[in-house]
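*Asks:* Each chain, written out:
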Amino acid sequence: MKQMKKHLSRVVAAAAMVLTMASFAPQAKAETPTFTVGWSVYAGWNPYFYMQKSGILKKWADKYGIAIKVQRFDYAASLDSFVAKNIDACTMTNMEALDMPAAAGVDSTAIIVGDYSNGNDAVLTRNGLTFATLPGKPVMLVQKTVSEYLLERGMVLNGQQAQLNKLKLINTSDSDIVAAFLNNKGNQAVVTWKPLVSQIVADKSVKSIFDSSKIPGEILDLLVVRTELLNTPNGQKFAKAITGAWYETIQQVAAGQANAIKYSAAASGDSVDSYKEQLKTTALFSAPAAAVSFTNGPDLQKKMDLVRQFCFTHGLLGQGIKSVDDVAILYPNGTIQGKKDRVRFRFNSAYMQAAQLGKL
Amino acid sequence: MANLSPFEIQARPNRLLMQAASCMLFVICMGLYMQTSVRRHHENPEDRVVPSLTQLAAGIHASVLEPAEEDDYIPADNASKWERFKHSMIVKDTISSGRRFLISLALLIPAVVLALHIGLYPWFGAFFMRFVLFFDKIVALSLLPILFIVFGIEEWSKIALIVIGVAPTMILDVTQMVKAVPQEQIVKAFTLDANNFDVAYRVVSRQIMPQVINSLRLNLKPMMLFLFAGEMIAASDGLAYRIAIMRRHMGMDVILPYVLWVALLLFLIDFSLRTLNRRMHPWFQA
Amino acid sequence: MVSGVMTPELHVASASAVEVANGARALTAAATAIRVDDVSMTYTVGRKGKRTVLQNISLEIEEGECVVLLGETGCGKSTLLRMLLGQEPPTSGSITVAGKPVERVDSRSGYVPQRYSLFPDRTVLENLCMGPETSKAHIFGRLMPGFRAFRKTVRAEAMRQLEHMGLHASDAAKYPHQLSGGMQQRVAIAQALMMKSRVLLMDEAFSALDPATRASLQRLLRSVWSETKPTIVFVTHNTAEALFLGTRVIVLRRESREDSCGSRVALDMKLPAAGMSLHRNGKEFLDLVEYIESFSRGDHQKVSSDGDDRDGSAFEAETTTVFPLDGETL
Numbered sequence: 001m002k003q004m005k006k007h008l009s010r011v012v013a014a015a016a017m018v019l020t021m022a023s024f025a026p027q028a029k030a031e032t033p034t035f036t037v038g039w040s041v042y043a044g045w046n047p048y049f050y051m052q053k054s055g056i057l058k059k060w061a062d063k064y065g066i067a068i069k070v071q072r073f074d075y076a077a078s079l080d081s082f083v084a085k086n087i088d089a090c091t092m093t094n095m096e097a098l099d100m101p102a103a104a105g106v107d108s109t110a111i112i113v114g115d116y117s118n119g120n121d122a123v124l125t126r127n128g129l130t131f132a133t134l135p136g137k138p139v140m141l142v143q144k145t146v147s148e149y150l151l152e153r154g155m156v157l158n159g160q161q162a163q164l165n166k167l168k169l170i171n172t173s174d175s176d177i178v179a180a181f182l183n184n185k186g187n188q189a190v191v192t193w194k195p196l197v198s199q200i201v202a203d204k205s206v207k208s209i210f211d212s213s214k215i216p217g218e219i220l221d222l223l224v225v226r227t228e229l230l231n232t233p234n235g236q237k238f239a240k241a242i243t244g245a246w247y248e249t250i251q252q253v254a255a256g257q258a259n260a261i262k263y264s265a266a267a268s269g270d271s272v273d274s275y276k277e278q279l280k281t282t283a284l285f286s287a288p289a290a291a292v293s294f295t296n297g298p299d300l301q302k303k304m305d306l307v308r309q310f311c312f313t314h315g316l317l318g319q320g321i322k323s324v325d326d327v328a329i330l331y332p333n334g335t336i337q338g339k340k341d342r343v344r345f346r347f348n349s350a351y352m353q354a355a356q357l358g359k360l
Numbered sequence: 001m002a003n004l005s006p007f008e009i010q011a012r013p014n015r016l017l018m019q020a021a022s023c024m025l026f027v028i029c030m031g032l033y034m035q036t037s038v039r040r041h042h043e044n045p046e047d048r049v050v051p052s053l054t055q056l057a058a059g060i061h062a063s064v065l066e067p068a069e070e071d072d073y074i075p076a077d078n079a080s081k082w083e084r085f086k087h088s089m090i091v092k093d094t095i096s097s098g099r100r101f102l103i104s105l106a107l108l109i110p111a112v113v114l115a116l117h118i119g120l121y122p123w124f125g126a127f128f129m130r131f132v133l134f135f136d137k138i139v140a141l142s143l144l145p146i147l148f149i150v151f152g153i154e155e156w157s158k159i160a161l162i163v164i165g166v167a168p169t170m171i172l173d174v175t176q177m178v179k180a181v182p183q184e185q186i187v188k189a190f191t192l193d194a195n196n197f198d199v200a201y202r203v204v205s206r207q208i209m210p211q212v213i214n215s216l217r218l219n220l221k222p223m224m225l226f227l228f229a230g231e232m233i234a235a236s237d238g239l240a241y242r243i244a245i246m247r248r249h250m251g252m253d254v255i256l257p258y259v260l261w262v263a264l265l266l267f268l269i270d271f272s273l274r275t276l277n278r279r280m281h282p283w284f285q286a
Numbered sequence: 001m002v003s004g005v006m007t008p009e010l011h012v013a014s015a016s017a018v019e020v021a022n023g024a025r026a027l028t029a030a031a032t033a034i035r036v037d038d039v040s041m042t043y044t045v046g047r048k049g050k051r052t053v054l055q056n057i058s059l060e061i062e063e064g065e066c067v068v069l070l071g072e073t074g075c076g077k078s079t080l081l082r083m084l085l086g087q088e089p090p091t092s093g094s095i096t097v098a099g100k101p102v103e104r105v106d107s108r109s110g111y112v113p114q115r116y117s118l119f120p121d122r123t124v125l126e127n128l129c130m131g132p133e134t135s136k137a138h139i140f141g142r143l144m145p146g147f148r149a150f151r152k153t154v155r156a157e158a159m160r161q162l163e164h165m166g167l168h169a170s171d172a173a174k175y176p177h178q179l180s181g182g183m184q185q186r187v188a189i190a191q192a193l194m195m196k197s198r199v200l201l202m203d204e205a206f207s208a209l210d211p212a213t214r215a216s217l218q219r220l221l222r223s224v225w226s227e228t229k230p231t232i233v234f235v236t237h238n239t240a241e242a243l244f245l246g247t248r249v250i251v252l253r254r255e256s257r258e259d260s261c262g263s264r265v266a267l268d269m270k271l272p273a274a275g276m277s278l279h280r281n282g283k284e285f286l287d288l289v290e291y292i293e294s295f296s297r298g299d300h301q302k303v304s305s306d307g308d309d310r311d312g313s314a315f316e317a318e319t320t321t322v323f324p325l326d327g328e329t330l
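Protein chains in written order, with this note's numbering: chain A, 1 to 360; chain B, 1 to 286; chain C, 1 to 330.
Think of the hints as simulated: they come from the structure by calculation, not from any bench. The structure presented is a predicted model; accordingly, all values stated were derived computationally and were not measured. Careful, some of the hints might be misleading.
[Claimed, not checked] Have a look at the derived ranges for each label pair, beta carbon to beta carbon:
1. C:89 with B:278: 40 to 46 Å
2. B:196 with A:74: 34 to 40 Å
3. A:297 with B:86: 33 to 39 Å
4. B:145 with C:151: 52 to 58 Å
Just so it is clear, CB atoms sit at the ideal spot from N, CA and C, and this is done for glycine as well.
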């Protein structure tokens with residue numbers, strides 16, 4: 001019996017050790033505060049690659065006495081990491097900002113409104129298919145993303161709202177969507193983004209019937225940080241440093257500086273020409289003033305309302321969310337879209353404003 | 001006194017302790033999950049990465065009793081639980097995934113018959129063996145664009161992916177089994193006036209059948225893997241489709257029950273194949 | 001050759017009158033069951049190497065003989081049996097069984113190997129019925145009308161055969177793995193007999209059994225043979241078994257270890273039809289065993305083996321040396 005007790009206590013001790021190790025493992029500390037920014041391949045985000053390569057990022061980080069790491073992810077993986085709090089800031093669209101971190105209870109703040117899609121996303125069809133004839137035909141797209149949003153907006157703006165539920169969607173991974181669409185003439189419609197759009201329209205039988213330039217400012221590309229960070233001194237330093245670095249970078253890109261374009265194109269493996277073409281349909285807020293006026297302007301709330309309604313009707317806000325107002329949005333002027341006690345997503349133009357005033 | 005040292009080969013633990021030991025890891029996993037979930041919910045009450053029990057319950061409720069979002073079915077207010085279940089998301093997805101799975105399974109039968117011929121008939125062996133050996137080394141997923149061209153993006157490309165992924169391995173495996181049938185048996189059959197087809201279908205195939213079923217059991221997981229890969233890449237329904245969609249907004253409360261449901265399904269298929277094997281082949285000495 | 005061989009049987013004093021009569025009947029039939037004509041077997045080894053296993057073997061086996069093939073491991077006795085079966089074609093020469101040349105394995109011969117002699121997926125009864133049923137019906141034939149009635153008669157026949165082999169009716173539903181090794185070989189013999197083929201080829205059929213079981217199976221085979229007198233070719237490496245079972249013993253031996261040199265017939269000798277055993281023949285039995293084994297070892301007095309002599313003449317020379325000894329023993 002004694003022996004058994006001894007063994008049991010050993011087993012218990014081992015189990016306890018496993019448990020404690022598991023619970024402490026994720027907590028790491030560092031001397032210089034280090035922040036990680038996750039980004040993924042997209043015309044408006046590729047400059048982060050150049051920002052790091054050119055040393056602009058390091059210059060700004062050193063200025064504030066912090067360290068900033070920039071890491072490339074797959075888009076979905078970057079969002080997962082952000083929600084799991086493995087990274088501190090992440091590039092994402094306004095739609096994912098609502099349905100991923102905000103809806104998962106991670107209070108987040110957009111500190112940079114980088115651009116909006118101005119034709120980067122498009123609805124493409126074969127055989128002269130229009131929104132009126134689209135219902136019932138299979139449409140390939142990555143479901144529950146801005147692609148589906150774009151398709152619905154296209155239907156609504158073309159007076160086909162009643163037909164919405166007749167759409168037949170085929171969720172297709174973006175890595176295979178081009179090959180899958182082009183190689184089979186039976187596929188009649190596809191919704192995707194650049195540079196995939198350019199590859200598809202190279203086939204002359206495919207026409208774009210709708211693109212994001214018809215809904216300017218509805219698909220925003222943001223840099224989002226966790227709100228709790230902005231409440232700490234180091235977090236504020238980080239926000240200032242990354243904003244400063246961003247505007248220095250993006251102005252070089254907008255000015256067409258050779259290296260800036262070259263590295264940004266290389267970030268996604270695109271050719272310089274292809275990248276320039278993508279930039280044409282990306283409405284960059286290269287000057288902080290433009291970004292600030294857009295963020296503080298009255299249009300943003302109307303556009304965000306369309307997006308949040310879409311997220312809610314498609315269940316993107318989660319099973320537990322019974323009302324669209326449960327994921328509330330706070331705007332720079334203090335207005336809240338939704339329930340006051342459930343603010344989960346914020347637009348903060350303070351850092352962009354500081355950049356505008358040269359106070360970074 | 002039972003010896004409790006884990007490194008004692010000659011230990012003879014009693015039944016109760018054995019049972020307890022076998023449950024241990026399950027308990028630890030659940031404990032770790034609960035602990036992580038509670039800790040995360042303490043920090044963020046709306047955490048979706050590690051859903052709490054109530055969130056999971058809601059997720060299960062939604063998947064078992066509510067129709068899929070893309071469905072037009074709207075349950076009447078007085079619809080019975082069974083009625084709701086029949087139109088639920090999980091039933092719909094299981095049926096469409098199951099259909100693909102079963103069709104692929106059925107398509108493996110000709111593969112097994114082919115393997116029987118390759119192993120037994122020298123000409124078949126000469127004709128097919130090298131090619132199958134080569135084809136087996138092709139990573140099926142990399143053929144996907146070709147499959148899309150040939151089979152379109154609907155059902156058949158997914159089924160083809162499973163079959164192309166699993167069939168060569170299965171053929172090689174079965175060929176080996178056929179070759180392992182003692183030569184004496186085949187000679188004996190011929191001396192009993194069997195013709196070539198008697199030997200193939202009444203002697204060899206009967207003898208390897210239990211091994212073929214065991215091989216199939218081992219291949220269930222690769223099959224499911226290929227099915228999932230196919231559904232995640234292009235689909236409008238199916239278990240993996242739902243998981244892919246739910247991932248877009250971190251619907252772990254639905255994903256986790258789905259994952260467990262798939263595991264349970266696989267276990268049940270495996271278990272029934274094993275039982276079937278034992279019932280059908282009482283002579284088989286594993 | 002035939003007449004020379006025949007004499008010892010008539011000399012056998014102890015052989016019962018019945019058996020002598022049987023022998024005489026076999027003699028009058030005088031048909032050749034198996035003819036092996038100048039057969040050689042050479043295997044390719046590796047890229048260029050060749051290894052000759054059998055060299056210029058010629059044999060004639062009459063209907064009703066029980067021929068035992070003896071020899072050391074690797075002397076090619078099993079190879080010869082496989083060639084008789086049709087499992088392997090000879091490199092040169094020809095083999096005729098039951099009047100037709102052998103090209104593939106068919107139902108002319110029954111076959112009892114050492115292991116895997118039964119179909120593990122069939123019960124004893126199914127194993128026994130397999131031959132006649134397959135022969136009659138093949139794969140789709142069982143859908144024919146009249147098959148059920150046929151099956152019924154085959155089953156009855158199988159049950160008779162089963163009991164004849166010393167098994168119980170209750171064993172009929174068992175699977176082979178539920179039987180002992182000896183039982184399995186009994187069923188295997190019965191299975192071969194169900195086909196009623198006149199030639200029975202047995203490859204070390206009893207070698208894996210324990211001595212007691214082995215002895216009882218030898219007695220069984222002996223009695224089976226004396227009842228219907230099939231032609232049996234029995235491969236073994238056990239000389240005592242050979243003397244007990246055989247009416248004729250053939251020793252294969254390789255003259256040198258070189259690859260180019262295959263085995264030849266070193267000894268071909270008739271035995272009394274009654275079978276010999278230590279129990280019955282005592283010292284003489286032991287002497288004969290020693291004598292035969294000296295051939296398979298190759299250290300017998302090299303009086304008669306003048307190298308390149310054709311097998312036939314060597315055989316005659318050897319048999320003549322044997323007779324006095326044989327005569328003395330009996």
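*Asks:* Indicate, hint by hint, whether the structure satisfies it.
*Replies:* Verification of the hints:
no.	hint	in the structure
1	C:89 with B:278: 40 to 46 Å	42 Å, holds
2	B:196 with A:74: 34 to 40 Å	55 Å, violated
3	A:297 with B:86: 33 to 39 Å	50 Å, violated
4	B:145 with C:151: 52 to 58 Å	56 Å, holds
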